[in-house]
Amino acid sequence: MQQIKNDILDYLKVQSFMDSNTQLNDTDSLTQSGIMDSIGLLELLDFISENYSIEIPEDMLTPENLDSLQGITNMIVKMTTDGHEN
Amino acid sequence: MGIENLKIKSAISLEQIPMFWEQNDVLILMVDLDAYGSQDEDYLDDNEKEHLKGLKTEYFRKRYIISRMVLKYILCSLLSELSLSDISLYKKESGRVHVRDHNELNLCISYTENIVVLAISKIEVGIDVEARRNLSLKTASKYLQTKTLDDTRCLKDLDNLTIWTLKEAYCKFSNESLFSVLNKELDLNSIFHSIYLINNKYVLAIVGGSSQHRINIGCLEKVVCNKKNQV
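First to last, the protein sequences are chains V and Z. Here this note's numbering is used: the first residue of the first sequence is 1, the next is one more, and so on. Here this note's numbering is used: the first residue of the second sequence is 1001, the next is one more, and so on.
Mixed in with the good hints, there may be bad ones.
To be verified - Quick list of in silico lysine-lysine cross-link-like pairs, DSS-like style, CA-CA up to 25 Å:
(1) Z:Lys1091 x V:Lys78
(2) Z:Lys1122 x Z:Lys1091
(3) Z:Lys1122 x V:Lys78
(4) V:Lys13 x Z:Lys1138
(5) Z:Lys1138 x V:Lys5
These aren't lab readings, by the way, just hints derived from the structure by calculation.
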């Protein structure tokens, strides 16, 4: 789980608006905290799907699963252990 | 559904805004954030300062401060208020920004790169702007491959970026969360919608009410900020 979180954080450090002073907590809203905008969210979705070979079903496209570091990590863990991989 | 090419060559001044407001239902003003060097938090009220504290990136802080300041100057001009402190903005749960005591005004804000687009209108609108680029998606492209419920027009001829821009404008118009429309068809039946390519650089989507409206899209001249917050 920690590796997944680190991977997502590394992605955000490069692809989002995070700067050297940004302290991102696990439960911070990525969109409300100014980490990423909506198109960034779409690209993040693409990254997650491609990197972890998962197809996120419609009912999991929620802020709880996609709008925080912890939510994203939990979702990926769940999907990669529940047989949702492509 | 086509895209209209729009070339904006000159800028609108603050003083011209009342005239444009009289002639149109929707004013769409593009603002160059980079034209404003410093960001003065004095233009923000206590609620806005509180919101600012929650923004964790310099980019978002800058765009918030400048856009709120410019928006207040515009509204002062429109409402013939003398002081920016007479303008009070607040956000409803939907995330939409409103002007206190002025329900007749509808606002919508969108950002891309160094640009903020401010929509001030007499009707409810949703707008979104994106800097033009190749939005290369693999798996996530399925969230964009959707047709409208209006069978006479479909989105298949539009590129990913344009479809996304339209979807986001729709979300803002309908007060829906972006998450809720990611994988759903847009219901554009009986809804006015337009897409513009501005100066060959920015894709702008506008979603509004049921019929066509008079829309003016322009660039706003840099606002000369008065330290005493007087217009």
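Hints versus structure:
1. Z:Lys1091 x V:Lys78: The hint is violated at about 35 Å.
2. Z:Lys1122 x Z:Lys1091: holds, 18 Å
3. Z:Lys1122 x V:Lys78: This hinted pair is violated, its Cα atoms lying about 47 Å apart.
4. V:Lys13 x Z:Lys1138: Holds. Lys13 (chain V) to Lys1138 (chain Z) sits at ~21 Å (cutoff 25 Å).
5. Z:Lys1138 x V:Lys5: holds, 22 Å
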